[in-house]
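Dock the two chains into a complex; use the hints.
Read off the chains here:
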Amino acid sequence: MRATVLFILLLVSGPVARAAESATPASTSVPADSVIETLKVQREEIKAPKHESLRFLKDHRVFVRSQLDRLRTQVTREHTNGVQILDARYLKLKEMSAAIAAAQDTIGGEQARAAQQSLLSSVTELGKLEASLDLMDSLLVDERARLLWLEKDFVGHQETALVIVIRGLTGQGLPTGIAIAEENEVTHVTLSDADRASLARGGIAQIFHEFVEPRTHALQVKLEGGAWDTRPASVVTLDAPRDRLTFLELDLSNALTLSSLNTRVWYR
Amino acid sequence: MNLIRALMGPGSVHPGGSRYARSHREPCTSPPIRALFFIASLFFFTWCGAARAGDNPAPPFSARSGLDAAVNAAHAWATDAQLVYLENDEVVGPDGNAGRWGYLFYSENRGRARGYSIRDGKLDEASDLDFELDAPPVSNTWIDSNAALAAAEKKAGAEYCLANNGRLATMLLIRGAFHERTPDATTWAVVYTSPTAPALFVVVDAAKGEVVRMWRG
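Sequence order for the protein chains is A and B.
Just so you know, we're using this note's numbering here: the first sequence kicks off at 893 and counts up by one.
Just so you know, we're using this note's numbering here: the second sequence kicks off at 4 and counts up by one.
Chain B with its partners taken away, still in its complex shape (with noise of 0.2 Å):
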């Protein structure tokens, strides 16, 4: 409460009543010293409300680059762990990387899946998926985040977003899901999503790095 009676000033009046106004007879505290509290509180505040969010930003990384950590994470839990899928957990930057990837894997043996939360090279979340999924693998060979996002916003997702007060909010790796004539095929989905217009999906072929299906929806 002083806190917040030493930021108002000398005088002032607190919304909430004259209980917490300034009485005349107490010592007033100066103003270099009530501008350094404010500071200092400001920073205070500041670093109890990035703790509270989960800590400093983590540096950003394309899908492909940590796809090492998971596997070295998923190996352990199970030798015939295979990568089935794959999001952003973090927001997407306009060069195709995140803070955060998501990673999931699929174990013939246990017969369950597991997610793999990679962040700044290391393990940051594991778990089991609560639902059954039946993926198949990914194929091995797959264009990076980057890339597949570069030919998702040149094909249609810039214009997206320009036109539509758009961004991007999820890229994911599949294998069959998207593709509906080439089933076999490993794609990346784009999506972006906007306030005023139908969401957009750009698929994009993982092995070609060309978009090779559009809708709204």
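This is chain A alone, in the form it adopts within the complex (with noise of 0.2 Å):
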């Protein structure tokens, strides 16, 4: 008996044995900003739609597929050089550039003329330091014409994107980083030092900037790392309007105690 026992023990001890080799992490070094992907099987999850939505492709699949399947698609790509208008606010952008380098030059040549002048001699050089003065504000009505056509112009291209800040952290342990989660799209967001050193400070770091689609999403946000590995993942729901720039600020001042996450949401 105690013969047969210790032989299924040395057949059970091997496999075991390689597996815990196996298990063993290796050392291997990723890149900061690399996809990972992972594969887990899981039951899926009927999540029923507010509205239904394509039902007769999804109650005639079977012949729609069937269809499908008897085609061929062959891609054909065609290069052509031909010329193309070039973009008017490129020239803008081109003009502006040596309206500045101008500007800038202007400025040193005023810069130098008032270094030689440490005293003024006569009424006459009062004057053209008022003309100096004038050319001054000019030159900074030019740059304030100039930043609000660029600003019109960023903003006329906005897209619908979300960014997500975290504060409040002061005084307490960091997280190592925070997951992101949506549907089956997680972003895992390690925190750098020098956003972990602006934390402490009471400072506030970016840690998500995407482009999104333009309707209500339900984030899963997990923080990770030491104590916070303890706190269940909060889910925070907020509507990003189309052709928006939506902030969601997250404040975990006191998340730790609390179930559920401060949130702040503004748009520009």
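What the hints contain is simulated information worked out from the structure, not anything from laboratory work.
Glycine is no exception: its CB is placed at the ideal position from the N, C-alpha and C atoms.
Certain hints may be false.
[Unchecked claim] Just a sample of chain A residues kept apart from chain B, beta carbon distances all over 12 Å, derived: (1) E1043; (2) V1081; (3) A1132.
[What the hints assert, rightly or not] The calculated label-pair distances, taken between Cβ atoms and stated as ranges, are: (4) A:L1130 / B:P62: 21 to 31 Å; (5) A:R964 / B:D83: 17 to 27 Å; (6) B:D71 / A:A1004: 47 to 57 Å; (7) A:T1129 / B:D83: 24 to 34 Å.
Below you can see the structure in the form of structure tokens.
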């Protein structure tokens, strides 16, 4: 009997030891901005949609797929090197760049002249100083006009995007990272040393900036590392309006004691 | 329960038994108050029903009118997303407009298809397609649902509905699946159904606006 037990133990110990060896993590370095794809098999969650969509396709999927299976798709790529109309904004940007360079030259010249004149020797020179100040004013007006043009151009091209910032981590253990999940997409954000230092001093860190679909989003936010591992994920719901920049601020000051996160949402 | 009793009036007996019979000693609700109560409850139940059914009817629009919102959402999901299929998500009116249209996009990079339901110019629903569909992208030029429906109605649809008490069930846009002779063409398929006859499929070439095929089944 004892011999049989020993034999079984010997048989089992080999694979177990091998499994333990293989379970030891290999020391590999992964670039910070890489995409790691993992495969996990789960039973499908039946999530009833708010409104049914594409009913015919779903009801007749076999028929439609059988029709598509009989197709052969051929992709032909044609490259043409025709003349394209240049975007007028590029020319405008070039003009603005030249104007900025000219303004810098003017300022440089004025500064040099001011350095040479330590004392005003006559009323005429006072007049020159006034003219110099007027010139500076006009340069500032030009600069403001350029900035307004750039802002208008930028705002006009805004696409639907979401920015998430965190704050409120002064005087408590900082998380090493944050996982933001929605449906099957999970984004892991690792806080850099600069982010951590800023947060520890009461600063704000931007952890996410991506294009998103213009709809209501339910984000699962999970803080990782140390005491934060025991805290369950919180769900944050927000609307992302089309062609607007949506900002979500997560205030983590009471996050370890509260089950929900204090949030603030604003748009631009 | 008081509401039911108030509606039933004094002395009325509930079908469930005498338990609900109004006692003659109970204060009697005067007829104008009862009428007011009835109207208020009618409003309340109508409102509840509308809310349950999912809100007020959206203004109908053509398939192409909602494309911009769908493309905008799809490109936030995947920059290489291309439209491969669309169909009406709500009933299509005689003018070819519907309150909601569903647009399906496929992304080579993601290897997935995602559907967007557009209602009132906004994204109403977004969900991944739960099965594989290897559909080619539809061509850039396709006639709108109004023109496609008009062509189908003129050719056979109107006659079919009249003869068989039928109705327009579905309009869908796809490339390659319904036009065997010219699989490269993007086509509208207009599907009519009837309680007394097999369904009628009318296929309209989405580039030319001509009916190219019809069948019953």
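A quick look at each hint next to the structure:
1. Listed as a non-interface residue, E1043 of chain A keeps its Cβ farther than 12 Å from every Cβ of chain B; the least gap is roughly 22 Å.
2. Against the 12 Å criterion, V1081 of chain A stays outside the reach of chain B, whose nearest CB is about 19 Å from its own CB.
3. A beta-carbon of chain B is positioned within 12 Å of the beta-carbon of A1132 of chain A; the least distance is around 9 Å.
4. A hinted range of 21 to 31 Å for the beta carbons of L1130 of chain A and P62 of chain B is consistent with their spacing of about 26 Å.
5. Evaluation of the 17 to 27 Å hint for R964 of chain A and D83 of chain B yields a pass: the beta carbon distance comes to about 21 Å.
6. Between D71 of chain B and A1004 of chain A the beta carbons are some 56 Å apart, a value that agrees with the proposed interval 47 to 57 Å.
7. Distance hint check: the CB atoms of T1129 of chain A and D83 of chain B are about 29 Å apart, consistent with the given range 24 to 34 Å.
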